[in-house]
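A.B. asks: Chains as they are written, first to last, in my numbering: chain A, 1 to 297; chain B, 1 to 461.
In short, the hints are calculated from the structure, not lab data. Remember, predicted model here, so these are calculated numbers, not experimental data. The reader is advised that the hints may include incorrect statements.
These stretches of chain A come out as covered by chain B in the derived footprint (C-beta under 8 Å, 3 or more residues) [what the hints assert, rightly or not]:
1. 41-49
2. 187-196
3. 232-239
4. 254-266
Looking from chain A toward chain B, a few residues come up when the C-beta cut is under 10 Å (computed) [unchecked claim]:
5. Leu24
6. Asp27
7. Ile29
8. Thr31
9. Glu85
10. His88
11. Asp142
12. Ala183
13. Asp201
14. Thr224
15. Gln225
16. Val284
17. Arg293
Virtual Cβ for every residue (Gly too), placed ideally from N, Cα, C.
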Amino acid sequence: MTTPHPALAGVDQALQSLADVGYLASDEIATTVYLAEALGKPLLVEGPAGVGKTELAKAVSRAIGADLIRLQCYEGVDEARALYEWNHAAQLLRITAERDSHEHAWQDVKSDIFGEEFLLPRPLLAAIRSEERVVLLIDELDKADEEMEGLLLEILSDFQVTVPELGTVTARHRPFVVLTSNATRELSEALRRRCLFLHIDYPDPQLEARIVGLQAPGLDDTLTQTLVRIVGALRAGSLRKPPSVAETLDWAHTLVALGTKELDPALVRSTLGVILKHQDDIRVATSTLDLDRALDG
Amino acid sequence: MPSTAESALGDRLVELTTSLRDHGIRVGTSEVADAARIATALGLDDRIRLRGGVAAAMLRRAGDREVFDRLFDLYFPAAPGRRTVARAESVDELRDQLVQALADNDAQGLEDLAAAAVDLLGEVANGDEQQGYSSAQTISRLQPQRAIAAARQQSRGARGEHSGSGQGGEQLSDRFDREEMRARVAAFRRRIEAEALRRNTQVRSRERVARFGVGSGIEQRDFLSAGTKDLDELRRHIDPLARKLAARMSARRAAGRGEIDVRRTLRRSLSTGGVPIDPAYRERRRHRPDLIVLADLSGSVGAFSTFTMLLMQALHAQFRKVRAYGFVSSTAEITDVLKDAEPGAPLGIWARRTREFTAHGTSSSYGTAFRGFVRSEWESIGPRSTVLILGDARTNYGDPGVAHVAAIAARARHVAWLNPEPARMWDTGDSVAAAYGAIVDMHECRNLDQLRAFVARVLPV
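Based on the provided sequences and hints, a complete structural model is requested.
C.D. replies: Structure (structure tokens):
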């Protein structure tokens, strides 16, 4: 077991430190973050889009005062984009320069051009080689091809990478690693085994109301409650893309900007586009909440 | 040497692991070791945190969490024996308290009430002098759903909404608070179930209760028995699988991108004296698969049709070109129907009432259905098509039309058949699974696990 950073030295500390940097975590999130830190294991975070998976990594980096290094995955991301590349242009220049000066023998040049000077570290290598402790965020890993996972296995279990020309580079400070996935693709068992698993779901209404209160302070309490309840009701229904926390916050900001005092069906209807992103969903929501009918009384 | 407390904890974790494995959740040895380290780090005082921590070490999928929580409650119970915090002498009194707790959304109160309800109403004698507790009996005697209306009334009153506006003007929240209350009652029922399980471990062996008392997770739940309650959950799982299916099927497009074809590059370089100025790239193979789904909508697979619908709708959103056909005794295209229907709407009843599907009767006839499909839709099948047939291969002793399936298989790129029946039932009675299976790949697909395996391994890329 490694010594945890003081900010994450216990579940309560983790809760507090994350709250201090503007991330209201559920008890379970804080527990898992503390354990990831205490056990020195990477954290694999899954859950619907927009519930704060990426935000969590950012919050951890703020809480422990470490830089965030981010690898955004996409279809076709490869070793050169994720790990390291050689600066071919600089290498060519060097060779050309050496050839003209004749000072060094070819042997020297050959060993030189695969040195540190010409190495372009990409996020993974940068995180491993960093002098300071960092938070490494590997975002949306499910978007990357399966080969990418193979590349990560060595890093996630031993916190080291092997570069053929340089040898094995081991991390001086074990980075806090967060991997996120929207589960569009099944991640391999080998990768999952190396991580602690955290599923972040939509927060419960009380927590969500607190999050809205923190992020959109202009909204009064009653309105916040109503807002959170409507979002909760929409999530319970069958929508293609249920609104997430990010959308709740967008909606809250919208209502603040509109100077809303009270929610009525007409207003909900006209702002529904902020939280729902499919025409079908808007139709379903309009009928479940019966928004075409005005309030009586 | 470990203290007795530590080894007891270790034993408990191992028992939990065994139970999880019995329920189809794969937990490795290193995970158990991690869980033990976690339990040491967290301590045993806060059960909820411990549960979250152990789950983080042992689980891989969010879908397994429900089963995990129930089993965890068995092996790490909150407190042994009876808990009667909320006291109630009668059903009416209990229901009154329930109304209050529901209106206040008081989690602890609901927990206590669940314990009290099982205590008061759940006791059953099984004849063989063993006493047990039944959640079903508790729920049927208490009928918690009857508290919904009163709880709504009360929570409105508490918010002062109606008294404020004088004559009871309608509030926006009135339009969804019924659903909120329903969700709370559903959660309360789950608490009752957990409490009954927990108590049963007092009188029976923990292993027995774990094996028979805890249902399977959504991953292992049979499509044929899936209720409407599971629908949303099912859909949430099927959507990503459909995405994955689509990604796998169009994977060829990306493969080979930008690769240099050395042979052709060198050949070209002859014109420039061997200097490869103009590199030749491997041609990208264009591959745009289209998908044809052919689904049995007859009564014998009635419940399966809900799953079929979900799968087809999910696929519809993912593929550029999907055509869906349904059949009972004759075949008709339902691509547009899928687009407009509610998610997961049951197709079976509708199909049996619609003449296009029932030209030759209301029970399924694979022979005429396939013949009709081959006759009218032959052109829609091409060498790039993948055909997915969903059905139980029960022909009601009619002509199975194997030759038509063979014709489809010969023309299409790939044909796969998903059969919702357990494989041991195939070829019993009027099932002709083997006859079709000789021509096309037939896969047992009764639950999400099997669907996932099909998507991951079986389908060609």
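A.B. asks: Check each numbered hint from earlier against the structure, then list the numbers of those it violates in ascending order.
C.D. replies: 5, 9, 10 and 14
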